[in-house]
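Colleague: Position one of the sequence shown corresponds to residue 30 (our numbering), numbered consecutively onward.
Since the hints were derived computationally from the structure, they do not count as laboratory data.
In this text, all values refer to a predicted model and were calculated from it rather than measured experimentally.
For glycine and all other residues, C-beta sits at the position ideal for the given N, C-alpha and C.
Okay, derived cross-link-like pairs now, BS3-like style, lysine-lysine, Cα gap no bigger than 30 Å in a straight line: (1) 107 - 59; (2) 112 - 137; (3) 137 - 107; (4) 59 - 106; (5) 185 - 230; (6) 34 - 223; (7) 59 - 112; (8) 185 - 223.
Label-pair ranges, simulated between beta-carbon atoms: (9) 232 - 57: 41 to 51 Å; (10) 57 - 185: 39 to 49 Å; (11) 252 - 72: 18 to 28 Å; (12) 110 - 242: 38 to 48 Å; (13) 72 - 229: 34 to 44 Å.
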Amino acid sequence: MKPGKGIIFRQLFESISSTYTYLLGDEESKEAVIIDPVLETVVRDVKLIEELGLTLKVAVNTHCHADHITGTGLLKKKVYGSKSAISLLSGATADIMLSEGDRINFGKHVLTVRETPGHTDGCVTLVLGDQSMAFTGDTLLIRGCGRTDFQQGCSKRLYQAVHQKIFTLPGHCLIYPAHDYKGQTVSTVEEERKFNPRLTKTLDEFVHIMANLNLPKPAQIDIAVPANLLCGLHDV
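I would like the entire structure built from these sequences, with the hints used as guidance.
Modeller: Written out as structure tokens, the structure reads:
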């Protein structure tokens with residue numbers, strides 16, 4: 030499994046919240062995008078960007094996270110000229126407010142926005158131009174999906190979003206989620222269509238499963254959500 034042609038790609042991990050951060054760059058222009066950066070790992074990420082000779086254009090969040098504080102605000106302070114981005118429906122503040130079909134360009138490459146609500150109202154999936162890679166945030170995880178019991182969660186909307194906006198991608202499209210708790214790093218659309226234990230069920234069965242997860246409240250939610258509404262910093 031390889032990223033698209035001419036793409037610099039790095040998958041990075043933050044262990045406390047089990048968050049994946051993704052760095053994508055254009056090999057020719059060196060323009061880059063970072064997806065779902067975490068506050069505590071910004072120094073690491075900036076060092077990597079500098080080592081690879083990249084110019085960070087956009088730091089984008091797939092949604093307003095509840096389990097960690099985003100690094101987008103601090104990245105803007107540390108990387109001159111970079112901009113923050115998040116869905117218009119998230120209720121958060123950013124330089125770029127994203128909607129269905131919007132494009133995030135870096136060099137000759139592009140990420141296209143697909144609105145995939147259900148975990149939150151403002152969840153988006155970012156699809157590489159050739160549909161070889163999709164960054165699904167918390168909407169679709171490897172053999173799982175995001176919770177729907179807080180932050181405007183709605184099981185029916187999540188189910189419909191996955192089936193209409195993600196499962197319609199080519200089967201070979203690589204799925205890169207915002208989190209994994211079992212050491213898994215990547216899946217494919219075809220795998221998840223076949224093997225996802227929740228999203229292979231009927232809508233009614235899925236809604237019942239999600240209503241009975243009985244998960245504890247995310248440890249950082251009361252701190253993370255207010256901070257993330259402001260890109261992680263109060264003075265962005």
